Amino acid sequence: MDHDHGHKGLNRRELLGHCAGWAGTAAVYTVAGGVVSSVSLDAALAAGKPAAKAKPFTFVQISDTHIGFDKPANPNVHATALQAVDRIKAMAVKPDLILHTGDITHLSKDDQFDEAKQILSGLDIPIFYVPGEHDFLDEGQGKTFLAHYGKGTQGLGWYSFNHDGVHFVALNNVAALKPGGMAHLGDDQIAWLKKDLAALPSSTPIVVFAHIPLWTVYEAWGWGTDDANQALTLLRRFGSVTVLNGHIHQILHKVEGNVSFHSARSTAYPQPAPGAAPSPGPLKVPTEQLPSMLGIRSANFLRSNAPIALIDSSFA
Amino acid sequence: MSFLSSVGRFALFAAMAAPAAVYPLQTAVAAAPTKVQRVAIQNFAFSPQVIVVAPGTTVIWTNADEDPHTVTANDKGFHSAAMDTDETYSFTFTKPGEFAYFCSLHPHMTGKVIVKG
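First to last, the sequence lines map onto chains P and R. Once you know that position 104 of the first sequence is 104 in this note's numbering, the rest is easy, because the numbers rise by one and skip nothing. Once you know that position 34 of the second sequence is 34 in this note's numbering, the rest is easy, because the numbers rise by one and skip nothing.
These are calculated hints, taken from the structure and not from any lab test. Every value quoted in this text rests on a predicted model; they were computed, and no experiment measured them. Using N, Cα and C, we set each Cβ at its ideal position, and we do this for glycine too. Heads up, some of the hints might be wrong.
[What the hints assert, rightly or not] Simulated coverage check for chain P against chain R, where a stretch passes if three residues somewhere in it have a Cβ under 8 Å from a Cβ of chain R:
#1 218 to 227
#2 271 to 284
[To be verified] Under the rule of at most 16 Å between Cα atoms (straight-line distance), these lysine to aspartate or glutamate pairs were calculated in the EDC-like manner:
#3 LYS109(P) x ASP70(P)
#4 LYS76(R) x GLU139(P)
#5 LYS178(P) x ASP75(R)
#6 LYS76(R) x GLU87(R)
#7 LYS71(P) x ASP86(R)
#8 LYS71(P) x ASP84(R)
Throw the hints in and build the complete structure from the sequences for me.
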């Protein structure tokens, strides 16, 4: 057990093996000059103590690949997911790690998870996942997702890890949802989070990632997390908290004190702005317009007391 | 409570193509062995949201959205698998009562079946 984690979280070795499984084997990529980034899985996961001196690095967020979706809004989500891979490969600074904020698949099917893995195996970069509701809709309510990505995680797939002085927290807010409610973290996960954060000095930069927004974007469409405030209460003492989510297939930002919320584009299809359509279903746009509404996000961490700089880039 | 409970991908019924085809069940006579009430799942909503049926009625939900949905009783007394586009789920209500349900993927979607003798 990695004592640096301060909880019974991911064993570094387990995680390493786990990530290697996701990330596939060697791939060719471009590393240009600029910010120094560690490139090996070992380095990516050799976090050091939470208080370890932070050093600059880059990471990437991808979201909502929806492998298996084949409707008119994007009949070829495989190709657009590959575009994301190409964009990441072309980055001037190779990212240390990638966060996938869920809806990896459209229907939680084993072969869809396999297809996603195959697409992303083109990247020799560790990928950290959280499930979306589309990854948790099998009869086993997440069993398939957890079989693919749950090894070494807590509860229904939540975990944390440290990287170069930044503490990353992966949350699952798509399980055991309640009638009439929104996304939900649940008491077990919040209790775990409390324990996970307890030992960290408030100067530790925190990155939280989860599928559904942790702030209420639009309640009528369920775009929020009903018990998010309990988690945010635990996070507010930290000087820099970056909360990343997917789910709504569009870029939105909100800042609340030291906590900033950022919703990312999908690589598959766009969704309407809150309330701008009768329902939040896939938004059909002219084919030539689609690339401008899909994309990835890169994040540059410079130093502990500065906000993480996010750059959203579309496929256009 | 249930006799029938199934999810399947049917050929699109003509009735389903029409938005929320509703049959006037309150006036139905006991002669027909199977009473059927259809509920459309469209634009992230159950339509009609509340239905009143006689005991023995089979309710058939059809997902007309491009997103998958479920029909899940609040008390878990009945529940569908995730239904993709055009897939259906049916459940036969035998006992009087109010049966609230929701979509477990999009829990803001709620509905109710009121079974009256």
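Proposed proximity, ASP75(R) with LYS178(P) (alpha carbon, max 16 Å): holds (11 Å)
Hint consistency between LYS76(R) and GLU87(R) [alpha-carbon to alpha-carbon, up to 16 Å]: Status violated; Cα separation ~20 Å.
Satisfaction of hint between ASP70(P) and LYS109(P), Cα-Cα up to 16 Å: holds (14 Å)
Check of the stretch 218 to 227 of chain P against chain R for coverage (Cβ-Cβ below 8 Å, three residues minimum): holds (count 4)
LYS76(R) paired with GLU139(P) [C-alpha distance capped at 16 Å]: holds (14 Å)
Whether chain R covers the stretch 271 to 284 of chain P (at least 3 residues having a Cβ closer than 8 Å to its Cβ atoms): holds (count 5)
Pair hint outcome, LYS71(P) versus ASP84(R) [Cα-Cα no greater than 16 Å]: holds (11 Å)
Holds or violated: LYS71(P) to ASP86(R), with C-alpha atoms at most 16 Å apart: holds (12 Å)
Going through the hint list in order, the structure does not satisfy hint 6, though it satisfies all others.
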